[in-house]
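For the record, the sequence lines run as chains A and B. Mind the numbering: the first sequence is residues 1 to 465 in our numbering, read in order. Mind the numbering: the second sequence is residues 466 to 668 in our numbering, read in order.
Take the hints with a grain of salt, since some may be wrong.
[Said to hold, decoys possible] Taking lysine to any residue pairs in the SDA-like style, the calculated list, with each CA pair at most 25 Å apart, reads:
#1 A:LYS244 to A:ASN104
#2 A:LYS438 to A:ALA324
#3 A:LYS162 to B:GLU524
#4 B:LYS660 to A:GLY116
#5 A:LYS317 to B:LYS660
#6 A:LYS238 to B:ASN662
#7 A:LYS50 to B:HIS648
#8 B:LYS497 to A:LEU72
#9 A:LYS161 to B:ASP587
#10 A:LYS438 to A:ALA75
#11 B:LYS527 to B:THR616
#12 A:LYS3 to B:GLN661
#13 B:LYS593 to A:PHE310
#14 A:LYS164 to B:ILE627
#15 A:LYS317 to B:GLU524
#16 A:LYS315 to B:ASP587
#17 B:LYS497 to B:LYS527
#18 B:LYS470 to B:ASP557
#19 B:LYS651 to B:ASN621
#20 A:LYS162 to B:GLY517
#21 A:LYS190 to B:ASP540
#22 B:LYS497 to A:GLU42
#23 B:LYS593 to A:ALA311
#24 B:LYS647 to A:GLY43
#25 A:LYS161 to B:ASN579
#26 B:LYS497 to A:THR335
#27 B:LYS471 to B:ASN621
#28 A:LYS263 to B:GLU656
#29 A:LYS162 to B:ASP587
#30 A:LYS438 to B:GLY517
#31 A:LYS363 to A:THR335
Derived by calculation from the structure, the hints in this document are not laboratory data.
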Amino acid sequence: MKKTMYEKIWDSHLVVDEAGQAPLLYVDRHLMHEVTSPQAFEGLRLSGRKVRNPHSILATMDHCVPTKNRDLPIADPIAKKQIETMAENCLENGLNLYDMKNPNNGVIHVVVPEHGFVHPGMVVVCGDSHTATHGAFGALAFGIGTSEVEHVMATQTLPQKKSKTMQVVVNGALSKYASAKDIALAITGKIGTAGGTGYVIEYTGSAIRELSMEGRMTLCNMAIEAGARAGLVAPDEKTYEYLKGREFAPSGQYWDQALAYWKSLPSDEGAVFDAVVTLDAADIAPQVSWGTSPEQVAGVDSVVPAPESFADETKRKACEGALAYMGLKPNTKITDIAIDYVFIGSCTNGRIEDFRIAAEVAKGTKVAGGVTAIAVPGSYHVKQQAEAEGLDKIFIDAGWQWREPGCSMCLAMNGDELTPGQRCASTSNRNFEGRQGKGGRTHLVSPAMAAAAAAAGHFVDIRKL
Amino acid sequence: MEPYKKHESIAALMNRSNVDTDQIIPKQFLKKVERSGFGQHLFHDWRFNDDGSDNPQFELNKPAFKGAKILVVGDNFGCGSSREHAPWAIADYGFNTIISTSYADIFYNNCFKNGILAIKVDKAQLDKLMAEIAANEGVRFVVDLENQQVTTPGGNSFSFEIDPFRKGNLLSGLDDIGLTLKHVDKITQYEQQHKQNFPWLWV
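Throw the hints in and build the complete structure from the sequences for me.
So, in structure tokens, the structure goes:
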């Protein structure tokens, strides 16, 4: 039988598949951060259970960590406790933790690929919905809840329901400055935030093959924003080249053995998907979200929609609510929307490629009057690399703040946040109400679009710069 | 986990779609290291005014919905982050049943780990249930998981589908981990095979 990549990974990880019970799937890699793990460790302790395979785990501290004044103690006592608890739990269970002082520190989904910890064909979990990022390597990677974090620690398996498969085909060439982020937002706009519910998406087509590994991570990262359990990109030469020589990548005698296995993973020619969605890359303008859901997006060359333009009543109501919250009027040109804040960073767009493209746009500009712009590298290695290339100077000369790594304003848990009514051009992944601070208004964009907005004080069509 | 029993309870109405987990439990409350006490922060940014007083405009603050165990909500409930703090807050507030057309995947799984029955109905059925509550706030529904049946006084009773494994666990209040560990020999066997097939993962 011809199989999709998802089915191949699923079949090779089935430990138990018996009638009357959810299939048990084996987990190869378990990623952790400080917010969704403490209660899982507490559960293990209370039941007297142990971590089954400590080597399968890699942990960082990212959600609550400060991005400035790292030499000072953490001001928020509850955040401090959570950070300390993480360190104690990892020490007690012999887990590999890159804490705030470790040179490998950073956002878990940025750090993990840097060390080659995820390989094609693996099953990867983390108590974090953006685990989908690692699908860029052809691994089945998905977010889980804290009870499941405990379950995986205790058993190295998870009861799972098999997902349906969706193929998202993106052919053609992207226009100048359109990026993986724009593809991700355009897909969410097209199928909606529940469009992928119950599915694992495999991204295929010439535009996907053209993306770098960083671009593929951005794309898979946002599979969850379209409701999908996971996103996948088949491994190819770019994947192997990226992994080769990294700390946890196979080496020596094992490299060829691993490579042969990885090459067997892509979906078979003629394998059938349960659903197929097609986009033409050439049609994808740089995207800007205008609402409070990642499906509420528009091309930068268009306008804020009017509620009555939606035939569906639910969508019409959602549009009304979103415009009220966002303080926007229907039919406003996207390029007429003025901003107060710019954030470049997060597990979606906090990689070196993101800072390179943003710096290219920011070079020689000045942040517009009244606008605050912060650049937050996804990891310490991204920060070092950017500094080695002089990117930090470009941002600082243009009036940006250059910060320490962390999740920062993607979800505003660490004190980096908007004040009520402030409007932000953000390279993060969610524009939910209050996500970047109570009353804050988030517009999701690519790094290039964010950098252009910082200089102009409003959105601009970067294709015209 | 408490076993799920047949019960009659007030059904509260939130006629909103795509309610995300950031609304269910805003991030400022995710820093705790315990599982308990999240109910007081449920829907915080909608539920309270800036001065901390109750926002009378918010649905769940209506006196008629006080003590409700059933929450009836619009499509795609619980989208966004994987935070289990969302179902912890919902359960701690007092809900043990949610009725909607659809749920985000991770949230749906998380509900069943915390004794919350998430029932899926079609759009027409949901519209009828919402209309019944809107017309008679404080109305009580009977939820019978054993027989997969919801009974309403307004004649909108229905039966629902549920995965037998999830149903069994809710009814017994059984611990998932304990169930999985019954297969520990198979896990060990799988791991031995895994080491042979993928030796580079074990060096």
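Hints, one by one, checked against the model:
1. A:LYS244 to A:ASN104: This hinted pair holds, its Cα atoms lying about 18 Å apart.
2. A:LYS438 to A:ALA324: holds, 15 Å
3. A:LYS162 to B:GLU524: violated, 36 Å
4. B:LYS660 to A:GLY116: Roughly 19 Å between the alpha carbons, so the hint for LYS660 of chain B and GLY116 of chain A holds.
5. A:LYS317 to B:LYS660: Between LYS317 of chain A and LYS660 of chain B the Cα gap is close to 54 Å, so the pair fails against 25 Å, i.e. violated.
6. A:LYS238 to B:ASN662: Distance ~24 Å between LYS238 of chain A and ASN662 of chain B Cα, so the pair holds.
7. A:LYS50 to B:HIS648: holds, 16 Å
8. B:LYS497 to A:LEU72: The given pair, whose Cα atoms are some 22 Å apart, holds under the 25 Å limit.
9. A:LYS161 to B:ASP587: Distance ~21 Å between LYS161 of chain A and ASP587 of chain B Cα, so the pair holds.
10. A:LYS438 to A:ALA75: holds, 20 Å
11. B:LYS527 to B:THR616: holds, 23 Å
12. A:LYS3 to B:GLN661: holds, 24 Å
13. B:LYS593 to A:PHE310: holds, 23 Å
14. A:LYS164 to B:ILE627: holds, 18 Å
15. A:LYS317 to B:GLU524: holds, 17 Å
16. A:LYS315 to B:ASP587: holds, 17 Å
17. B:LYS497 to B:LYS527: violated, 29 Å
18. B:LYS470 to B:ASP557: Answer holds: LYS470 of chain B to ASP557 of chain B is near 17 Å, not above 25 Å.
19. B:LYS651 to B:ASN621: Cα-Cα ~46 Å, so violated.
20. A:LYS162 to B:GLY517: With Cα atoms ~44 Å apart, LYS162 of chain A and GLY517 of chain B exceed 25 Å; violated.
21. A:LYS190 to B:ASP540: holds, 17 Å
22. B:LYS497 to A:GLU42: Within the cut-off at roughly 12 Å; holds.
23. B:LYS593 to A:ALA311: Since the Cα atoms of LYS593 of chain B and ALA311 of chain A sit roughly 21 Å apart, the hinted pair holds (cutoff 25 Å).
24. B:LYS647 to A:GLY43: holds, 18 Å
25. A:LYS161 to B:ASN579: At roughly 18 Å apart (the allowed maximum being 25 Å), ASN579 of chain B and LYS161 of chain A satisfy the hint.
26. B:LYS497 to A:THR335: Violated: LYS497 of chain B and THR335 of chain A sit about 41 Å apart, past 25 Å.
27. B:LYS471 to B:ASN621: Roughly 18 Å between the alpha carbons, so the hint for LYS471 of chain B and ASN621 of chain B holds.
28. A:LYS263 to B:GLU656: This hinted pair holds, its Cα atoms lying about 23 Å apart.
29. A:LYS162 to B:ASP587: holds, 22 Å
30. A:LYS438 to B:GLY517: holds, 14 Å
31. A:LYS363 to A:THR335: holds, 21 Å
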